[in-house]
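Top to bottom, those sequences are chains A and B. The first sequence lines up with residues 7 to 330 when you count with the working numbering. The second sequence lines up with residues 7 to 330 when you count with the working numbering.
Treat each hint with caution, since some may be false.
Said to hold, decoys possible - Simulated restraints on C-beta separations:
1. B:E24 with A:K31: 34 to 40 angstroms
2. B:M7 with A:T158: 51 to 57 angstroms
3. B:L26 with A:K195: 38 to 44 angstroms
4. A:S237 with B:K239: 38 to 44 angstroms
5. A:S268 with B:E275: 55 to 61 angstroms
6. A:E165 with B:E24: 27 to 33 angstroms
7. A:K31 with B:K230: 31 to 37 angstroms
Calculated directly from the structure, the hints in this document are not laboratory data. For glycine and all other residues, C-beta sits at the position ideal for the given N, C-alpha and C.
In case you want the letters, here they are:
2 protein chains.
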Amino acid sequence: MQKFETLLEEFCEFLNNENLNFEPKELYKPISYTLDLGGKRIRPVMALLCCNFFGGDYKEAMNTAMGIEIFHNFTLLHDDIMDDAPIRRGKETVYKKWDSNIAILSGDTMFALAYQYITKTKIEHLKKTLEIFNKTAIEVCEGQQFDMNYETEENVSIEDYTKMIKLKTAVFLGASLKIGAIIGGASQKDVDNIYYFGEYLGMAFQLQDDFLDVFGDEEKFGKKTGGDIISNKKTYLYLKAFELAKGNDLETLKKHFIPNHSDNNKKVEKIKEAYLKLGVDKHSEEEINEYYQQAMAYLDKIECRKNNKSELKSLAGRLIRRDY
Amino acid sequence: MQKFETLLEEFCEFLNNENLNFEPKELYKPISYTLDLGGKRIRPVMALLCCNFFGGDYKEAMNTAMGIEIFHNFTLLHDDIMDDAPIRRGKETVYKKWDSNIAILSGDTMFALAYQYITKTKIEHLKKTLEIFNKTAIEVCEGQQFDMNYETEENVSIEDYTKMIKLKTAVFLGASLKIGAIIGGASQKDVDNIYYFGEYLGMAFQLQDDFLDVFGDEEKFGKKTGGDIISNKKTYLYLKAFELAKGNDLETLKKHFIPNHSDNNKKVEKIKEAYLKLGVDKHSEEEINEYYQQAMAYLDKIECRKNNKSELKSLAGRLIRRDY
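Bound-form chain A, shown alone (with noise of 0.2 angstroms):
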């Protein structure tokens, strides 16, 4: 079975020899701008990588794994026109480099183009690789309203948080493991299988995301901490915390997140206290370790034996790093 790396390896290759500079080059500079940002390219490698595991020719899904990276690409260039995101990836985002229309209407086109690739699908697989990517682009979009909604939610329970990044990050996770699979040729059942590896994985790894955002080595995560405490955003974390505390430590919560708070180290080391002293820590790496066992679980129920699942193993827990 191919290693990840060799089909990343091919991937880059593939787009990097793809020719996106059309005309007009104000729409198509910054297409090529994004796509040029690099990126893990998870989720087309492990379509392709499904692909290969389920017996079919990875090849044959080089340009659905190119609409899907296109697609991943789109909706991270319009959520940072929404998220008033500056930077991606260490440089400007486009909306900044250039201005919201030009990020709207690159965005737009990234969206079409991302269809254009898809399309390419063999015709048998053609019907099917559609209907879960036009579900779970429209999903994708519903997490999004559903995250831009909790900023100003007063009441945003756990369960809320769990269904928005479900459908903000999970769904898209499953759903390129899944295309792989429906283009190597698996059966229903483990296609049904490899869906929900993929969409427990993605929960697992969101929730890491947001325990490594305070709890992470700096170095190691390869940003700064801290910024989801400034920001006030209602991750597991916040919410938890939100829910375990009283008295005194519901105070300090309360007193250090709030808008515009005066010293911003301060609040991170204040409310990291109170994470680690209500026990958020433990709760979140216990919940992270659930949503891993399921995928597991998912993972053992395939059926297929063609290829052994180390590959998709040791991916899984590449993505779910237990080295912070």
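Given the coordinates of chain A, work out where chain B should sit on it, guided by the hints.
Frame of chain A, contents of chain B only:
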């Protein structure tokens, strides 16, 4: 053969019966609002009419037609953000009534919904339908970008303008007819003929729209005239006038085509006078007529004899109203 009015009624009934009231309501309310604003539903009904014309069952094209209409409304929704347009069809635009983020995201969702409907196209026509739909979606974005570019570019030629309206408006009319023809089982030759019929008709339609924005009867045209003059829009009329004008006439154009004119009524009056003096109105009518004749020539080329062409001809005539 089915009449346009019958198909329009059936399409509206189909659209009204579709349930798009999902959660989160912040995302779906603007979508229903946009689709409920009305509009002429020209493109979806053209698709149905064309399917029927070539001997297909138009009911089989209903979901695809719905996808076409949702896509069209998505482009309007995003264009209104980019163009800062507060009013559409007599009502507040989505970004004005809600905000830009809601407008971006509900637009994205409509794009995905459009593909969800298109994917319901009968499997034997799916790939061809998607290929033309994807291509057109990209071209419409390119057209909008050229349109935005021309707002600030100094040297826009009539050729540039023609290319822009072709991409932004004409190809989508051609594509709607073409998709109907594909589902209706037309020959490849006729699929191409009907596409160019629609494209040339679309060109005539857009040039006519520009003409009526200056010289139209406000009651018949259904909106206030002079808008393009006030906003210094580089239409065919504007560009032709600058091409022809010399001496005093050129001075008049330069004097009044300025940003923030102190007296817009006077501006419109003076520019109209200059247009008439330069014969720009006649040039424009000739241009419209030429595109119209080219459209008719492609209609004549159509070999299919299952139905007569009177309904398509009368539709073309109605689109390019002769009663201004």
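(request) Note whether the CB distance of M7 of chain B and T158 of chain A lies within 51 to 57 angstroms or breaks it. (result) holds (54 angstroms)
(request) Just tell me: holds or violated, for the beta carbon distance of S237 of chain A and K239 of chain B against 38 to 44 angstroms? (result) holds (41 angstroms)
(request) Starting from the range 55 to 61 angstroms, see whether the pair S268 of chain A and E275 of chain B falls in it by beta-carbon distance. (result) holds (59 angstroms)
(message) Range first: 34 to 40 angstroms. Now tell me if the beta carbons of E24 of chain B and K31 of chain A are that far apart.
(response) holds (39 angstroms)
(request) For the range 27 to 33 angstroms, tell me whether the beta carbons of E165 of chain A and E24 of chain B fit it or not. (result) Because 30 angstroms falls inside the window, the suggested range holds.
(request) Could you say whether the range 38 to 44 angstroms given as a hint is met by the Cβ separation of L26 of chain B and K195 of chain A? (result) Since L26 of chain B and K195 of chain A have Cβ atoms about 32 angstroms apart, the given range 38 to 44 angstroms is violated.
(request) Could you see if the CB distance from K31 of chain A to K230 of chain B stays within 31 to 37 angstroms? (result) Holds: the Cβ-Cβ distance is about 36 angstroms, inside 31 to 37 angstroms.
Checked against the numbered hints given earlier, the structure breaks only hint 3 and satisfies all the rest.
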